[in-house]
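Just so we're on the same page, our numbering is the position in the sequence shown counted from 1, plus 17.
Any given hint could be a false lead.
Per label pair, the in silico range of CB-to-CB distance [what the hints assert, rightly or not]:
(1) Asp112 with Arg51: 57 to 67 Å
(2) Glu363 with Lys333: 25 to 35 Å
(3) Ser172 with Lys366: 34 to 44 Å
(4) Gly133 with Val40: 29 to 39 Å
As a list, the in silico EDC-like pairs of lysine to aspartate or glutamate whose alpha-carbon atoms are at most 16 Å apart [what the hints assert, rightly or not]:
(5) Lys296 with Glu232
(6) Lys236 with Glu205
(7) Lys222 with Glu205
(8) Lys366 with Glu242
(9) Lys328 with Asp300
(10) Lys225 with Glu205
(11) Lys146 with Glu245
(12) Lys336 with Glu375
(13) Lys146 with Asp257
(14) Lys388 with Glu315
(15) Lys328 with Glu303
(16) Lys388 with Asp260
(17) Lys125 with Asp112
(18) Lys372 with Glu385
(19) Lys236 with Glu288
(20) Lys296 with Glu322
(21) Lys305 with Glu253
(22) Lys331 with Glu375
(23) Lys236 with Glu363
(24) Lys328 with Glu362
(25) Lys366 with Glu385
(26) Lys222 with Asp257
(27) Lys333 with Glu315
(28) Lys388 with Asp300
(29) Lys388 with Glu314
(30) Lys366 with Glu188
(31) Lys332 with Glu288
(32) Lys222 with Asp260
(33) Lys333 with Glu288
(34) Lys146 with Glu57
(35) Lys111 with Glu62
(36) Lys296 with Glu245
(37) Lys372 with Glu322
(38) Lys236 with Asp257
(39) Lys328 with Glu375
(40) Lys187 with Asp257
No lab work stands behind these hints: they were computed from the structure. This structure is a prediction, so every number in the text was calculated from the model and none was measured. Where is the CB? At the ideal position from N, CA and C, for every residue including glycine.
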Amino acid sequence: MQWTDRIRQVKILLVVAAVIIAVASLLVSHFLVRDLSIEERHRMEVWAQALHALNEVEDGPSLSLVLSVMEGNNTIPVIVLNSEGGIDDYRNIKDTTNIAGYARQMVKAGDTIRVGQQLVCYDESIMLKRLSAWPYVQLGIVLIFVVVAIFALLSSKRAEQNKVWVGLSKETAHQLGTPVSSLMAWLEMLREQYPQDDLLPEMDKDVKRLQLIAERFSKIGSLPEPVEAPMNEVLEHVADYMDRRTSNQVQMVRRIPDHDVMVRMNASLFEWVVENLCKNAVDAMEGKGTITLTLLEEPQRVVIEVQDTGKGIKKKDLKSVFTPGFTTKKRGWGLGLSLARRIVEEYHKGRIFVKHSEIGVGTTFRIEMPK
18 MQWTDRIRQV KILLVVAAVI IAVASLLVSH FLVRDLSIEE RHRMEVWAQA
68 LHALNEVEDG PSLSLVLSVM EGNNTIPVIV LNSEGGIDDY RNIKDTTNIA
118 GYARQMVKAG DTIRVGQQLV CYDESIMLKR LSAWPYVQLG IVLIFVVVAI
168 FALLSSKRAE QNKVWVGLSK ETAHQLGTPV SSLMAWLEML REQYPQDDLL
218 PEMDKDVKRL QLIAERFSKI GSLPEPVEAP MNEVLEHVAD YMDRRTSNQV
268 QMVRRIPDHD VMVRMNASLF EWVVENLCKN AVDAMEGKGT ITLTLLEEPQ
318 RVVIEVQDTG KGIKKKDLKS VFTPGFTTKK RGWGLGLSLA RRIVEEYHKG
368 RIFVKHSEIG VGTTFRIEMP K
């Protein structure tokens, strides 16, 4: 949970930093563009006055000054209209095929200066337009950076979890191997000395159960190869096991088709998933209620539903039930549902989620497996 909280805090910090950078960039660019726009307006007013003075000054230094002012504008697009709306002159216009339409756009935008009988129309310079667009480009770059950073953090978190799962699984399987082998040897010795003892079959079941658990952990530590197997048998095995391990106050209801529903899976691991859901259901019902196992066959998928009549899950916890470390029990590691999702989604390319939950009524978990 600490790792998850840290990831969440880093994501929030990255988003806040991106928002601050974006707002600061937009504000700075806005004021800069505004100041440059005012400066260009002043330049065009000087240029318009020079245009007006061009027809009034005589040859000499004054004319040279006026011409130098006129020639000094190399960036701002300008169109000069006469009193009848015709075009007298233009400057810095790249596309000359529709100058009249360009002039109408300038007039509509209000970028005009009246000089005698003439109307000087101008537009923003290319530099000013680029500067206006730059903050949005910068905003896009910042957003891309934040998305990549968050994706890298999530990938790092997932890789870390995978290492933990694999290491824990292999170590658990290894640690269980030695005592299970010893128990099997002791059981064989007891069979030889007390062949008629009624407790030996039950002990044998428990040892085989430990073997199965060790086998499951060893398969989680590797990549199990799925094979075609009937889902009916998996659910029947789980129902039989839960019937033996729970009190008479827990009723197991099976809604399973008579014909085999074949799915590519690792039956041992998938049985663990359904068993985990059933055990959680027993805990949620506090040892009293009904668990319904439903198997549905659809055209493109096979659906398994585990429904209980327990206390339900709070809405605020629905998104966290599969998070490692999350648990509502006083005792528990909070790894069961996380492990179940890993087995279903990563090993079997399926999907597991809470279909419905209502406080005081119960919860339904749904697993969807591709056919």
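Hint by hint, here is what the structure shows:
1. Asp112 with Arg51: 57 to 67 Å: violated (27 Å)
2. Glu363 with Lys333: 25 to 35 Å: For Lys333 against Glu363, whose Cβ atoms are near 26 Å apart, the range 25 to 35 Å holds.
3. Ser172 with Lys366: 34 to 44 Å: violated (19 Å)
4. Gly133 with Val40: 29 to 39 Å: Roughly 45 Å apart at Cβ, these two residues miss the hinted range, so it is violated.
5. Lys296 with Glu232: violated (20 Å)
6. Lys236 with Glu205: violated (27 Å)
7. Lys222 with Glu205: It holds: about 13 Å lies between the C-alpha atoms, which stays within 16 Å.
8. Lys366 with Glu242: With a Cα-Cα distance of about 12 Å, the restraint between Lys366 and Glu242 holds, given a limit of 16 Å.
9. Lys328 with Asp300: holds (9 Å)
10. Lys225 with Glu205: holds (13 Å)
11. Lys146 with Glu245: This hinted pair is violated, its Cα atoms lying about 64 Å apart.
12. Lys336 with Glu375: Satisfied, since the Cα-Cα distance of roughly 15 Å is no more than 16 Å.
13. Lys146 with Asp257: violated (74 Å)
14. Lys388 with Glu315: At roughly 9 Å apart (the allowed maximum being 16 Å), Glu315 and Lys388 satisfy the hint.
15. Lys328 with Glu303: OK: Lys328 and Glu303 at ~9 Å, within 16 Å.
16. Lys388 with Asp260: violated (29 Å)
17. Lys125 with Asp112: Violated: Lys125 and Asp112 sit about 19 Å apart, past 16 Å.
18. Lys372 with Glu385: Since the Cα atoms of Lys372 and Glu385 sit roughly 11 Å apart, the hinted pair holds (cutoff 16 Å).
19. Lys236 with Glu288: Given that 16 Å is the threshold and the Cα spacing comes to 13 Å, the pair holds.
20. Lys296 with Glu322: holds (14 Å)
21. Lys305 with Glu253: violated (21 Å)
22. Lys331 with Glu375: holds (8 Å)
23. Lys236 with Glu363: Satisfied, since the Cα-Cα distance of roughly 13 Å is no more than 16 Å.
24. Lys328 with Glu362: Roughly 27 Å between the alpha carbons, so the hint for Lys328 and Glu362 is violated.
25. Lys366 with Glu385: holds (9 Å)
26. Lys222 with Asp257: Holds. Lys222 to Asp257 sits at ~13 Å (cutoff 16 Å).
27. Lys333 with Glu315: With a Cα-Cα distance of about 31 Å, the restraint between Lys333 and Glu315 is violated, given a limit of 16 Å.
28. Lys388 with Asp300: violated (32 Å)
29. Lys388 with Glu314: Holds - the C-alpha atoms of Glu314 and Lys388 are around 9 Å apart, at most 16 Å.
30. Lys366 with Glu188: violated (26 Å)
31. Lys332 with Glu288: Violated, at roughly 28 Å.
32. Lys222 with Asp260: holds (15 Å)
33. Lys333 with Glu288: violated (29 Å)
34. Lys146 with Glu57: holds (12 Å)
35. Lys111 with Glu62: violated (22 Å)
36. Lys296 with Glu245: violated (26 Å)
37. Lys372 with Glu322: holds (9 Å)
38. Lys236 with Asp257: violated (23 Å)
39. Lys328 with Glu375: holds (8 Å)
40. Lys187 with Asp257: violated (28 Å)
Of the hints listed earlier, those the structure fails to meet are numbers 1, 3, 4, 5, 6, 11, 13, 16, 17, 21, 24, 27, 28, 30, 31, 33, 35, 36, 38 and 40, in rising order.
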